[in-house]
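> Protein sequences appear in the order of chains A and B. Convert by adding 7 to the 1-based position in the first sequence; the result is the number in this note's numbering. Convert by adding 106 to the 1-based position in the second sequence; the result is the number in this note's numbering.
Treat the hints as calculated values from the structure; they're not laboratory data. On a predicted model such as this, the values are computed, not experimentally measured, just so you know. The hints are all genuine.
Derived pair list, reagent style DSSO-like, types lysine-lysine, alpha-carbon separation capped at 27 Å:
no., chain 1, residue 1, chain 2, residue 2
1, A, Lys305, B, Lys175
2, B, Lys196, A, Lys13
3, A, Lys308, B, Lys163
4, B, Lys171, A, Lys308
5, A, Lys305, B, Lys187
6, A, Lys139, A, Lys92
7, B, Lys312, B, Lys153
8, B, Lys321, B, Lys153
9, A, Lys159, A, Lys82
10, A, Lys13, B, Lys222
11, B, Lys131, B, Lys289
12, A, Lys305, B, Lys153
13, A, Lys157, A, Lys139
14, A, Lys106, A, Lys64
15, B, Lys201, A, Lys308
16, B, Lys175, A, Lys308
17, B, Lys157, B, Lys175
18, A, Lys308, B, Lys177
19, A, Lys111, A, Lys95
20, B, Lys201, A, Lys305
21, B, Lys201, B, Lys187
22, B, Lys153, A, Lys308
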Amino acid sequence: MFVILKRIFRTAWQGLIRNNWLSIACISMLTISLMILGSILIFNNVSHNLIDVLEEKMDVSIYFNREVPEEDILKIRNELIGNDKIAKIEYVSQEEALKRFEEKSSQNQTIMKALEELGENPLVAFLSIKAKDTSYYSEIIEEVNNSSFKDKLMTVGLAENQRVIERINALSKGIKFGSFFIIIIATILSVLISFNTIRMAIYSLRGEIEIMKLVGASNWFIRGPFLLEGAIYGLTASVLAIVIFMPLVIWISPKLETFVSEISISSYFWSHFWFIFGIQTLFGIGLGMIAGFWAMNKYLKA
Amino acid sequence: MSLVYFKNVSKAYNGSLILDNVSFKIEPGEFVSLVGRSGVGKTTLLKMLIKEEAPTKGRIFFNEKDINKIKPTEVTLLRRKIGMVFQDFKLLTQKTAYENVAFAMEVAGYPENMIKKDAPELLKLVNLESRANNFPFQLSAGEKQRVVIARVLAQRPELILADEPTGDLDPINTWEIIKLITKINELGTAIILATHNKEVINTLNKRVISIDSGKIIRDEEEGRYLI
Ligand SMILES: Nc1ncnc2c1ncn2[C@@H]1O[C@H](COP(=O)(O)OP(=O)(O)O)[C@@H](O)[C@H]1O
Ligand SMILES: [Mg+2]
Numbered sequence: 008m009f010v011i012l013k014r015i016f017r018t019a020w021q022g023l024i025r026n027n028w029l030s031i032a033c034i035s036m037l038t039i040s041l042m043i044l045g046s047i048l049i050f051n052n053v054s055h056n057l058i059d060v061l062e063e064k065m066d067v068s069i070y071f072n073r074e075v076p077e078e079d080i081l082k083i084r085n086e087l088i089g090n091d092k093i094a095k096i097e098y099v100s101q102e103e104a105l106k107r108f109e110e111k112s113s114q115n116q117t118i119m120k121a122l123e124e125l126g127e128n129p130l131v132a133f134l135s136i137k138a139k140d141t142s143y144y145s146e147i148i149e150e151v152n153n154s155s156f157k158d159k160l161m162t163v164g165l166a167e168n169q170r171v172i173e174r175i176n177a178l179s180k181g182i183k184f185g186s187f188f189i190i191i192i193a194t195i196l197s198v199l200i201s202f203n204t205i206r207m208a209i210y211s212l213r214g215e216i217e218i219m220k221l222v223g224a225s226n227w228f229i230r231g232p233f234l235l236e237g238a239i240y241g242l243t244a245s246v247l248a249i250v251i252f253m254p255l256v257i258w259i260s261p262k263l264e265t266f267v268s269e270i271s272i273s274s275y276f277w278s279h280f281w282f283i284f285g286i287q288t289l290f291g292i293g294l295g296m297i298a299g300f301w302a303m304n305k306y307l308k309a
Numbered sequence: 107m108s109l110v111y112f113k114n115v116s117k118a119y120n121g122s123l124i125l126d127n128v129s130f131k132i133e134p135g136e137f138v139s140l141v142g143r144s145g146v147g148k149t150t151l152l153k154m155l156i157k158e159e160a161p162t163k164g165r166i167f168f169n170e171k172d173i174n175k176i177k178p179t180e181v182t183l184l185r186r187k188i189g190m191v192f193q194d195f196k197l198l199t200q201k202t203a204y205e206n207v208a209f210a211m212e213v214a215g216y217p218e219n220m221i222k223k224d225a226p227e228l229l230k231l232v233n234l235e236s237r238a239n240n241f242p243f244q245l246s247a248g249e250k251q252r253v254v255i256a257r258v259l260a261q262r263p264e265l266i267l268a269d270e271p272t273g274d275l276d277p278i279n280t281w282e283i284i285k286l287i288t289k290i291n292e293l294g295t296a297i298i299l300a301t302h303n304k305e306v307i308n309t310l311n312k313r314v315i316s317i318d319s320g321k322i323i324r325d326e327e328e329g330r331y332l333i
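Model the full structure from these sequences, guided by the hints.
Shown next as structure tokens:
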């Protein structure tokens, strides 16, 4: 048994070294298909992060009439906290609201002047509510609208928010759906590339396979070295793919962060380095061996 | 007990009959030449013996065993007992002369120390010890055919099928190969030599089976090439 393994290893090694152009071709194609796979992993994470970021930005604010005292608002807040659709409620007082508004508008001279001339705080206090799930927002708005304290509210802000919420919901659904398709197509593409490459490699070696059969080699004796070569191709391609990814990630990540600052490819890449590399390696070795096995069967049939 | 027995064997490719009800026996250690015009079915006949082609009708026995009944896994065993020499050599291009010989032994499960001892000796026997580490593309046609013969011998076959082994060789190399094959036969291995080289047949002075139009038209000891 040990001797057979040794012979299989030796033949595989000879095949790798002596058929170098074929090995290089196979490894390059496998590297490309593993890079597609690695990109899928990263893309999948980025698109989910994007959804998280959008959902994180989402909230519903209920604005109170000017004359409602702070203690009433806090009471309502305590009441709402008990609602199991709500994750977090922030109370923003009139003063706090003004401070935020001034910060936001500090560049705009006309607004600042108008505020000054007005002399008093034109803003109202509000509760900013975050739901446990984005799909709860419309229900929360509904409940607020039918609540016992609805007379104390200026309801205008709610209606406006609802439109934004619906749009974000639609957008995140779109992203989920689109990324699902991209993942499927890219996976098929990478499987097709590797299968065809390996199939062509085996095809070019069909003469050798036929001779081995004529000399009386058993199917496993013929198959073994090829499967091993396939596994080595997969492993090498995986290492290459991850090595190529490193500078790519370093280069692209800051560019993307200027668009959406909350998304960082590089932090995902480095924190999931072994995960990405592991999946790629498994995929590469599996693909190399399965494709080799499948492509060879045609020539090994009696 | 015959080594090879073709019993009423017919072979058709896509309905056209190539061999028609052919019967003959070959004894262990015998040297038989198979002659006939190109396309008469000599290669087909040899291929059926190693189970690369199946007869359309009839039965083929090797060592009294019906080869149509052996399991696919046992075909490898059959092929280790029957060595093949081809006109186009069929050497493994990825392996050196030495490795080609060693491969036949590895396949048959010989231990490593035996391979290390036998393979160089076999290369010496065919006068190629200096070319042991050359790849097939670095060898001349005559040298390639000698490697093939060393590889066949490494299998320790009971029968060697030589299908136009000298077809691609010049006269000098042709005689070297024929001398080698004769020597191997004298050491006890049965040979079936398919050829249409008239000179070779007439010099050998061995049994000749002549085929024409699908039939054996002559089967004589000390035969002549008469087609
Ligand atoms: N695989 C095949 N399929 C169809 N016809 C074949 C096949 N192999 C050989 N033949 C035909 O069978 C005939 C005998 O071929 P072959 O045995 O190679 O003859 P020989 O070796 O005597 O020259 C030829 O006419 C050839 O064209
Ligand atoms: Mg022929």
